Amino acid sequence: TQLLEQSPQFLSIQEGENLTVYCNSSSVFSSLQWYRQEPGEGPVLLVTVVTGGEVKKLKRLTFQFGDARKDSSLHITAAQPGDTGLYLCAGASYNQGGKLIFGQGTELSVKP
Amino acid sequence: EAQVTQNPRYLITVTGKKLTVTCSQNMNHEYMSWYRQDPGLGLRQIYYSMNVEVTDKGDVPEGYKVSRKEKRNFPLILESPSPNQTSLYFCASSYRGQYSNQPQHFGDGTRLSIL
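Protein sequence lines, in the order shown, are assigned to chains A and B. Each residue of the first sequence is one higher than the one before, counting from 1 in the numbering used here. Each residue of the second sequence is one higher than the one before, counting from 1 in the numbering used here.
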């Protein structure tokens, strides 16, 4: 069974600080997606990374896919209270058909 | 507006009483999926469907059934619900299955409590 270990599970920081969330696995994924979820809503896709070593930027968010396509990270620069939410990574692999494996999630709280 | 619609949003029921959670998407997506979300466990896939009349088990299919008779609808059926199925459920759809790395569009969730 493929697993995605996400860390940290909880993160509480002050506005303006930087942070990194990690998503690790012993398995190779063909792609990895990052989602953000707010209370009472479903997850919303932030980005998909598909190539080993790929880096994508979304304003103050930087996403990286590991060279071996087994891990990924999300870095937020100068966090703002609006970044508060649950961040989820999800991996897909060719040999798992249509299955999508989610990490446990990182609950981020940014205090003003 | 493109959306995935789940009903009901909230349900409290008792053990053994059959229930169905409906899911409908208006984006002509081929792929649909059901997840449950529990604290500390993230989202776990229950069942998914790559197209009409094609369904497959996810990681936690026990106690659930699905059907895909039409492209837009993918109901989740609990024939004999038990308390360990108390959870937050999400339906999602995407243009194609995960081979094409398409984003999944999620509904707003259904909170089920089985007493």
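Read the hints as simulated data drawn from the structure, not as lab findings. Bear in mind that the values here come from a model prediction, so they are computed numbers and not experimental data. Hints are supplied without guarantee of correctness; some may be wrong.
[To be verified] Straight-line C-alpha distance at most 25 Å; calculated BS3-like pairs for lysine-lysine:
(1) B:Lys-71 - B:Lys-18
(2) B:Lys-71 - B:Lys-57
(3) B:Lys-57 - B:Lys-18
(4) A:Lys-70 - A:Lys-99
(5) B:Lys-69 - A:Lys-99
(6) B:Lys-69 - B:Lys-57
(7) A:Lys-70 - B:Lys-57
(8) B:Lys-65 - B:Lys-18
(9) B:Lys-57 - B:Lys-17
(10) B:Lys-69 - B:Lys-18
(11) B:Lys-71 - A:Lys-99
(12) B:Lys-65 - A:Lys-99
(13) A:Lys-99 - B:Lys-57
(14) A:Lys-57 - A:Lys-70
(15) A:Lys-57 - A:Lys-111
[As the list claims (entries may be wrong)] With the C-beta cut set under 8 Å, the calculated list includes, among others, these residues of chain A facing chain B:
(16) Gly-42
(17) Leu-100
(18) Phe-102
(19) Gly-105
Using N, Cα and C, we set each Cβ at its ideal position, and we do this for glycine too.
Of the numbered hints stated previously, which ones are contradicted by the structure, given in increasing order? Hints that this structure does not satisfy do not exist here, as all of them hold.
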